[in-house]
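Asker: All chains, full assembly: derive it from the sequences and hints.
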Amino acid sequence: MNPSPEMAQHFAELKKRPVIFEVNNLGKEFPSDTGPRRVLEDISFKVYQREFLSIIGPSGCGKSTLIRMLACLEECTEGLMLLNKYPVYEPGSDRGMVFQKYTLFPWLTVKQNVMFGLLQGGMAKFDAEREARQWLDIVGLEDYCDLFPAQLSGGMQQRVAIARALANKPQVLLMDEPFGALDAQTRAKMQAYLLKIKEKIDITIIFITHDLDEVVYLSDRVLVLKANPGEVQEIIEVPVPKPRVPEQFLTPDFLATKKHLEELIHPPVLDVKDEFDVMKMVAIA
Amino acid sequence: MKKREKWLVFGKPLSQRRERALTIWSFLLPLLLWGAISYCPFIWHPEMEISDAGDSFYFSKGDRIEKAVFKQENAALLEQGDSRMAGQAVNPVYLPAPHEVAVAFVKAFKTPPRRDGDPWFHQSILHSVRIVFWGFLLSSLFGVPLGILCGFFPFFSKLFEPFTEFFRYFPAPVFGALAVAVLGINDAPKVAIIFIGTFFQQVLVMANTTRLIDFSLVEAAQTMGCRPAAILFRVVIPASLPKLYQDMRILLGWAWTYLIVAEVVGTSSGISWFINQQAKYRIFDNVYAAILVLGFIGLGTDMLLAAIGKTLFAWERGEHSSLLRLFSRKAKAEVRA
Numbered sequence: 001m002n003p004s005p006e007m008a009q010h011f012a013e014l015k016k017r018p019v020i021f022e023v024n025n026l027g028k029e030f031p032s033d034t035g036p037r038r039v040l041e042d043i044s045f046k047v048y049q050r051e052f053l054s055i056i057g058p059s060g061c062g063k064s065t066l067i068r069m070l071a072c073l074e075e076c077t078e079g080l081m082l083l084n085k086y087p088v089y090e091p092g093s094d095r096g097m098v099f100q101k102y103t104l105f106p107w108l109t110v111k112q113n114v115m116f117g118l119l120q121g122g123m124a125k126f127d128a129e130r131e132a133r134q135w136l137d138i139v140g141l142e143d144y145c146d147l148f149p150a151q152l153s154g155g156m157q158q159r160v161a162i163a164r165a166l167a168n169k170p171q172v173l174l175m176d177e178p179f180g181a182l183d184a185q186t187r188a189k190m191q192a193y194l195l196k197i198k199e200k201i202d203i204t205i206i207f208i209t210h211d212l213d214e215v216v217y218l219s220d221r222v223l224v225l226k227a228n229p230g231e232v233q234e235i236i237e238v239p240v241p242k243p244r245v246p247e248q249f250l251t252p253d254f255l256a257t258k259k260h261l262e263e264l265i266h267p268p269v270l271d272v273k274d275e276f277d278v279m280k281m282v283a284i285a
Numbered sequence: 286m287k288k289r290e291k292w293l294v295f296g297k298p299l300s301q302r303r304e305r306a307l308t309i310w311s312f313l314l315p316l317l318l319w320g321a322i323s324y325c326p327f328i329w330h331p332e333m334e335i336s337d338a339g340d341s342f343y344f345s346k347g348d349r350i351e352k353a354v355f356k357q358e359n360a361a362l363l364e365q366g367d368s369r370m371a372g373q374a375v376n377p378v379y380l381p382a383p384h385e386v387a388v389a390f391v392k393a394f395k396t397p398p399r400r401d402g403d404p405w406f407h408q409s410i411l412h413s414v415r416i417v418f419w420g421f422l423l424s425s426l427f428g429v430p431l432g433i434l435c436g437f438f439p440f441f442s443k444l445f446e447p448f449t450e451f452f453r454y455f456p457a458p459v460f461g462a463l464a465v466a467v468l469g470i471n472d473a474p475k476v477a478i479i480f481i482g483t484f485f486q487q488v489l490v491m492a493n494t495t496r497l498i499d500f501s502l503v504e505a506a507q508t509m510g511c512r513p514a515a516i517l518f519r520v521v522i523p524a525s526l527p528k529l530y531q532d533m534r535i536l537l538g539w540a541w542t543y544l545i546v547a548e549v550v551g552t553s554s555g556i557s558w559f560i561n562q563q564a565k566y567r568i569f570d571n572v573y574a575a576i577l578v579l580g581f582i583g584l585g586t587d588m589l590l591a592a593i594g595k596t597l598f599a600w601e602r603g604e605h606s607s608l609l610r611l612f613s614r615k616a617k618a619e620v621r622a
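So the sequence lines, in the order shown, correspond to chains A and B. If you count the first sequence from 1, position 4 lands on 4 in the numbering used here, and the numbers rise without skipping. Take any residue in the second sequence, note its place counting from 1, add 285, and you have its number in the numbering used here.
Some hints could be false.
Stated by the list, open to error - On the chain B side, residues computed to face chain A include the following (Cβ under 10 Å):
#1 315
#2 334
#3 504
#4 526
#5 601
Just so you know, these hints were derived from the structure itself, not from any lab. Glycine included, each C-beta is placed from N, C-alpha and C at the ideal position.
Answerer: Next comes the structure, spelled out in structure tokens:
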């Protein structure tokens, strides 16, 4: 896979931008009955400004744990995270997060939900209200200001959740399978929305998913984890030209990248030559 | 042809009309049963009320005696050639008919106490309400915050809950004598009994309910820069408030059950005093009337609280609260003025 000259230049430029988030030798152990169990080992990577970095891996590789560690919702056993060169140890509004579960506050209206972080940050109510309206405008929900989350569809709730996270002006937006609970159609719409939002504003995104179409469609680079323990297997630059559109889903670039990622996540376990081999193996087992 | 709706459905609610009809029936059925026993002599009526004592030496008009005794006495009178007693079948005095209780219900409010200085019926009721109110308020004042703290911070949970768990197994009435010794014979020990009966349960119930909140809401708040205090006040409390409110309604019911014990501690007072007095005079109509009053107060407060809760937590149904909006409009108008 050789990227086009345009994309090669894109990545060269990307790496010249300032590093927003730097992760050094992150590790995680969970206690278990049979002694500590290693979940993540020696994870290191850098995220550049305005980059869209996706993290994928086989199920159980600890990608959700990793993003929760980046948000400091989960403690790191070892390693260091630098946000704008400063170490972070506590969760904060500098790393906004969008969860797979709907986490809007059900007792607050859509607008009040977006205002939540702003008021927490000490903004005056009037300003917070204006700001919230602007963010809801960006995600296309300005008409739904005074509804409660329960009155919105799943896709709309996630758009509010994105607006709520972005309103706090985070350095990095962490997204933990944000569209995982949505149906395929809504998910496609949300992906397009996310790309549009990202064009409009200066935001760096770390994104977790297991949907490979989503990964190739959205990401600049993809960090592939392997399981047991979770380690960085490879960081891939997605060669599909930008700006991305859904029509690219069937281009050779797109499919080749997808196939490559697929192979990294699910390496062919055994290369069975013929049925006879299988019979032998069954007999041995 | 329209399919006839079934009454015995499951997994979906009945129509509103049917729900209302069943609610009425749920009160009507016991009332009908009571009426049947009271007004149909062939169902029970084990006694005879004497309307004319005849020449009986032992019994006089108005006495209620067992049917067998009535027969025996009449047989004896017949043998001696005396005139026989007349009477009709009745229920025992402790089971008055519905209309008698209804009359007593009204009369009890109008009848002055037998002895000067004793409280009227409505004064007894108010006294009871006051005891429950103070007991429950004091308990809630300490129990609710402590319960929420225990539910949110494991520190408080481990510090307070084990002892609370232990203490709640002491039945509140056993502290009666102690409460009187410490607090005197008037209302203070009664309030204390209600407090003891409610408080320890309250802490545990509040803590458990607080623990039930969806923790991902807390995490979302953390990623928006909330520190523990802000999380407690802006996320945990609002998120668990509707359930805490439901719990409080149930706990208030418990507080009422402790009332009857509390009122016989020290000087007997309130509605239990009234019930005991009336039972001594064998005016059972009044006893039932007083018991009914307790039921009405309980049901009434609970319905009122349910209605308030429904509007306060309208967001659970995705609606705006009419009550809160009323307040916020007023507040906005005040700001403008």
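Asker: Could you run down the list of hints and mark each one as holding or not?
Answerer: Comparing the hints with the structure gives:
Among the interface hints, the one on residue 315 (chain B) is violated; its C-beta lies about 39 Å from the nearest C-beta in chain A, farther than the 10 Å criterion. Annotation: interface hint on residue 334 (chain B) violated; nearest CB of chain A at approximately 62 Å, more than 10 Å. Below 10 Å, beta-carbon pairs count as interface contacts, and residue 504 (chain B) has one with chain A at about 5 Å; its hint therefore holds. A hinted interface residue such as residue 526 (chain B) counts as satisfied when its beta carbon comes closer than 10 Å to some beta carbon of chain A; here the least separation is about 8 Å, so the hint holds.
Look at residue 601 (chain B): its Cβ gets to within about 7 Å of chain A, closer than 10 Å, so that hint holds up.
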